[in-house]
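Required output: the full structure, derived from the provided sequences and hints.
Going down the list, the protein sequences come from chains R, L and B.
Sequence positions in the first sequence follow my numbering and run 13 to 232.
Sequence positions in the second sequence follow my numbering and run 246 to 306.
Sequence positions in the third sequence follow my numbering and run 14 to 580.
Treat the hints as calculated values from the structure; they're not laboratory data.
Note that the structure is a prediction, hence the values are computed from the model and not measured.
Keep in mind that a hint or two might mislead.
To be verified - Partner residues are not named here, just some residues of chain L that face chain B (Cβ under 10 Å, in silico):
#1 Arg252
#2 Glu262
#3 His266
#4 Leu275
#5 Leu283
Every residue gets a Cβ at the ideal spot worked out from N, C-alpha and C, and that includes glycine.
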Amino acid sequence: MTARARAARALNRVVWRWPGRDARKLHAFARAEEGSRVDLLLAARRTSSAARRALYLRHALDEARHALMFSRRAAELRLASGRPALGPPRADGEALFDRLGEVRFLAFVHRGEARGRAQFEAYRGHFAAAGDARTRALFEAIVGDERRHEEYTRALLVELAGGERAARRALRWAAAWEAWRAWRRAGRFVAERLFVITMMALYVVLAPVGLAMRFSSRRR
Amino acid sequence: MSRLVRRLGSRLRTVGELLAHAARRQKLFLIPLLLVLLAGAVLLLLSGGLSYVAPFVYTLF
Amino acid sequence: MAAVLGVSAQYHDAAAALVVDGRVVAAVQEERLTRRKGDPSLPREAMRACLRLGGIEAGALDRVVFYENPYAKLERVVNGALRAFPTAIGLFPRAVGSQLGGKIWVLDALAETLDVPRARVVPSEHHLTHAASAFYASPYPRAAVLTVDGAGEELSTAIWRGDEGGLALVEGIALPDSLGLLYAALTAWLGFEVNDGEYKVMGLAAFGQPRFRDELARVVRLDGDGGFSLDEKYFAHEHDAELGFSGELERLLGPRRAAGRAWDLDGSAEDRRYADVAASLQAALEEALVGLARRARARTGLDALCLAGGVALNCVAVSRVAREAGFERLFVQPAAGDAGGALGAALVGARDLGDPRPAPQTTTALGEPVDEAEAAELAAALGLRAAPSDDPDREIAARLARGEVVGVVRGRFEFGPRALGQRSLLALPRDAATRERLNRVVKRREPFRPFAPAVAAEATERLFEGGPPDDLTPFMTSVRPVRPEARARLAAVTHVDGTARLQTVGEGGALAGILAAVEREAGLPVVLNTSLNGAGEPIVGGALDALGFLLSHAVDAVVVESLVVTR
Numbered sequence: 013m014t015a016r017a018r019a020a021r022a023l024n025r026v027v028w029r030w031p032g033r034d035a036r037k038l039h040a041f042a043r044a045e046e047g048s049r050v051d052l053l054l055a056a057r058r059t060s061s062a063a064r065r066a067l068y069l070r071h072a073l074d075e076a077r078h079a080l081m082f083s084r085r086a087a088e089l090r091l092a093s094g095r096p097a098l099g100p101p102r103a104d105g106e107a108l109f110d111r112l113g114e115v116r117f118l119a120f121v122h123r124g125e126a127r128g129r130a131q132f133e134a135y136r137g138h139f140a141a142a143g144d145a146r147t148r149a150l151f152e153a154i155v156g157d158e159r160r161h162e163e164y165t166r167a168l169l170v171e172l173a174g175g176e177r178a179a180r181r182a183l184r185w186a187a188a189w190e191a192w193r194a195w196r197r198a199g200r201f202v203a204e205r206l207f208v209i210t211m212m213a214l215y216v217v218l219a220p221v222g223l224a225m226r227f228s229s230r231r232r
Numbered sequence: 246m247s248r249l250v251r252r253l254g255s256r257l258r259t260v261g262e263l264l265a266h267a268a269r270r271q272k273l274f275l276i277p278l279l280l281v282l283l284a285g286a287v288l289l290l291l292s293g294g295l296s297y298v299a300p301f302v303y304t305l306f
Numbered sequence: 014m015a016a017v018l019g020v021s022a023q024y025h026d027a028a029a030a031l032v033v034d035g036r037v038v039a040a041v042q043e044e045r046l047t048r049r050k051g052d053p054s055l056p057r058e059a060m061r062a063c064l065r066l067g068g069i070e071a072g073a074l075d076r077v078v079f080y081e082n083p084y085a086k087l088e089r090v091v092n093g094a095l096r097a098f099p100t101a102i103g104l105f106p107r108a109v110g111s112q113l114g115g116k117i118w119v120l121d122a123l124a125e126t127l128d129v130p131r132a133r134v135v136p137s138e139h140h141l142t143h144a145a146s147a148f149y150a151s152p153y154p155r156a157a158v159l160t161v162d163g164a165g166e167e168l169s170t171a172i173w174r175g176d177e178g179g180l181a182l183v184e185g186i187a188l189p190d191s192l193g194l195l196y197a198a199l200t201a202w203l204g205f206e207v208n209d210g211e212y213k214v215m216g217l218a219a220f221g222q223p224r225f226r227d228e229l230a231r232v233v234r235l236d237g238d239g240g241f242s243l244d245e246k247y248f249a250h251e252h253d254a255e256l257g258f259s260g261e262l263e264r265l266l267g268p269r270r271a272a273g274r275a276w277d278l279d280g281s282a283e284d285r286r287y288a289d290v291a292a293s294l295q296a297a298l299e300e301a302l303v304g305l306a307r308r309a310r311a312r313t314g315l316d317a318l319c320l321a322g323g324v325a326l327n328c329v330a331v332s333r334v335a336r337e338a339g340f341e342r343l344f345v346q347p348a349a350g351d352a353g354g355a356l357g358a359a360l361v362g363a364r365d366l367g368d369p370r371p372a373p374q375t376t377t378a379l380g381e382p383v384d385e386a387e388a389a390e391l392a393a394a395l396g397l398r399a400a401p402s403d404d405p406d407r408e409i410a411a412r413l414a415r416g417e418v419v420g421v422v423r424g425r426f427e428f429g430p431r432a433l434g435q436r437s438l439l440a441l442p443r444d445a446a447t448r449e450r451l452n453r454v455v456k457r458r459e460p461f462r463p464f465a466p467a468v469a470a471e472a473t474e475r476l477f478e479g480g481p482p483d484d485l486t487p488f489m490t491s492v493r494p495v496r497p498e499a500r501a502r503l504a505a506v507t508h509v510d511g512t513a514r515l516q517t518v519g520e521g522g523a524l525a526g527i528l529a530a531v532e533r534e535a536g537l538p539v540v541l542n543t544s545l546n547g548a549g550e551p552i553v554g555g556a557l558d559a560l561g562f563l564l565s566h567a568v569d570a571v572v573v574e575s576l577v578v579t580r
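Now the structure itself:
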C-alpha cells in the first residue's frame, strides 16, 4: 500500500469520527467525480480519434454515476442526521485538456484514478471494520471502475506518448504539476483567510457609512 | 510583454469606468472606499488568485 | 451593418448570441457545450460556437455587449451590505471578493478572450436586455414590455414601452421588492434547489389548494394599483446568501421541508400541506403578475404585451395574464431567463449601431447542428447499433406506436429551457403509465412532475380549450385546459388540474413530419415532448451527448437526423 493510502487509513479513524464529516467527505468526492466528468467530456469533444472519444465518453459516464452515488449517500446521511442538505455537487471545470494537451492530460487523469483507487480501497476497509455495510458497498462498486480507468489510461498514455519511457516522463511531469498546484492552493487558502479578516475589519470601520445610509433611506 | 501592457491598460479603463459611475451617482464618498477595496482585491489576486465558489443559491453578487 | 455579440454570464446560465445586420444568426447557452447545468462561467465555448455559426472572426465584431452593468451591480451589492450593518458582516468579504476579484473585470475578460479591443466591449443594463430579448423578437411593432425576475442591478421589475424608436423605461420596482426572490425563497423553503426548483414548485402547486392566502398576503403585499412589496422580515437576502428566507418565514408557514426527501402527495398529509403552500404562492404570484400587466396596459395604452425575465417562465401565471390583463396579444421570449439576456444584449447593440429589428422569432433552433456522420462513427466505436433510415419520421412514429420512448436529435439545438423538437424525448401521450415510467426510470424526477404535449397546429382546438394557436403556443410558454373529452387519450400529458403546457407545431415545424406520421399510426397528431436530458443534466447538444444519453438511460432508441441508434 502506498504511503498516501496508509496515511488515508490512519486519518480515516480520526476524520470519520467527527459528526457530519462523513457526509461532507462523500460530497467532496462527488464534486471531484463531477469535475472529472466535465474534463473528460471536453477531452471527448477535442480528441481526434473516434476510438478515444468513445473511451473518454464511457469514462465520463462512469464519473457521472459515481458522483450520483456519492451525493445520494451523502444526502441520506445528512437527512438521517437532521442537517440541511448540501445541494448537488458542483465543480469548476478547468479545461485541462485544452491547457495540458492530450498526453499530459492522460498522465494527470491516470494519476488521479490511481490515487482515487488507493484511497477508496482504504475507505472501503475502514467502513467494513466500522460495520457500515452500505457505505462499504458504495466504495466497493466504485473501486472496480477506478481500477479499469487506471489501466486504460496507462495503456493509452503509453500509446500516445510513444513508448514506456515517454509515458513515465509525462507522469513525472504530471506529479510535478500537481505539486505546484497544491502549493498554489495552499497559498490561496492563506490569502483568502487574510482577505476575509481584512474585509471584516473594513466593514466594521465603515459602520458609520452603513448606518448613515440606513437612516437616510428610512427618512425617505 | 505588450500583451501584459494591453491587459493593464484594459483594467485601468475599467477602473476609470467604475470611478466615473460612482461620480455620476454623486456617491463621491464611495470613491475612497472603492479604492481601498480594489487595493485589497488586487493584493489577493497577486498572492495567488481568487477562486470563490459562488454562493450557488443566491447568486446576487 | 454591424456584427454584435451579446454575452450573459457570472450569475446563472451564461450564454452568447450573435446578431449580424439586425438578423439573429446564433444563440447558445454555455451549459449545452460544457455539460455543466446552468454553467455561469464566461461562455468561451458558446462565444466561439456563435462566431463559427456566423462564419465570422472575433476581429470582425463591431461590438461586444455584456448584459448588465457591473459597476451598478457592485454599487448595489456594497450598499446593500453596508445598509444591513451589522448582520452582513459574514457576507461582506465574500461579496466584495467575488465582485472585485472577478465580476467587475468581465469586460476585460471578454476583450482578452476574444482578442478584441477593450473599447469595443460595452455593458448594457439587465432589465433592458430582458426587454429587448422579448420586444425585438416579438411580432409587434409596438408593445408594452414587462420584465420580471429576481434581481438586476437595482430593479427586479420594469415596465417599458416599445415602439419604432426603441425601448423606453416607464417605471421600475427596485430591490429588495422582487417576485423572483419571493418565489426563490419559497422554493428553498420547500426543499428544492433555487434557480432549478421554481419550475417544480409551479407543477406542485396544481396539487394543492391555496389555503394560505392570508399568510402569503403578509409576505407579499399587493397595493391594488399593480405594485407590490415584500415584507423584509421574512427574507434574508442581505445577510444570508445560502438561504434567502428567515426564521420569521418558518414561524409563519411552518418548518421548511428537508431537501432530498421523497414526495408522497397521496399518503402524506404533511406533503399535501406543502403543496397547499405552493398553491398559495402560485396564486399570489399570479395576482401580482396580472396586476403588473394591467398597470403596464394602463400606463402605455398599447394592445400587445411582451414578457421576459425569469418569472416569465412561469407559464401558468403567463396564461392568467393572457386571459385577464386585457391585452389582445401576448409574447414571451422563449429564453426568458438570464440566457436570453445575451440575445437582448446583442439586439440592443445592433439597434444602437443603427441596424433594423430582426424578423419575428419563429424558432428557437439557434444552436449548433448535429453531425450524423460523427454520430455513426461514434456509435460504431461504442458498440451501439446504428442503421440509417430513409423515412425517419415514419420509423419514429412506428416505434412510438409500439410504446417505445425515442430520443430525437435533429437540426440546431434550442436556445432556452424548452425542447421543441430539436433535442426531444418523445412518447405517445395516451397512457398515465408512460408518464410514470418517464418520471421514475428515465428522467428520475419527482412523481408529481408533469409532461407536455406537442400537437399539430390544425388539431389544437379539437383537443384543447382557449382558441386557436397564438403567439405563445409554438414555444411552450403557456398552458391550456385539455378538453374533457380528450383527456382519456392524453393522460400522460394532462396535469392533475386538467391543463397542459402545449406546443403547437405549424407546417414547417421540426416535429411536423413526426406528428403527421403519428396521426397515421396512432390516431392523434400529438406526442409527449420532453427534453432530451437526464436528471440534473443540461439538454443534449451534439452527437456525443446524444449517444452518452442513450448509454446511460433506459430509452429504446435515439434518432440522430436519419440515423437510428439502439443499444
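Which numbered hints are broken by the structure, listed smallest first? No numbers; nothing is violated.
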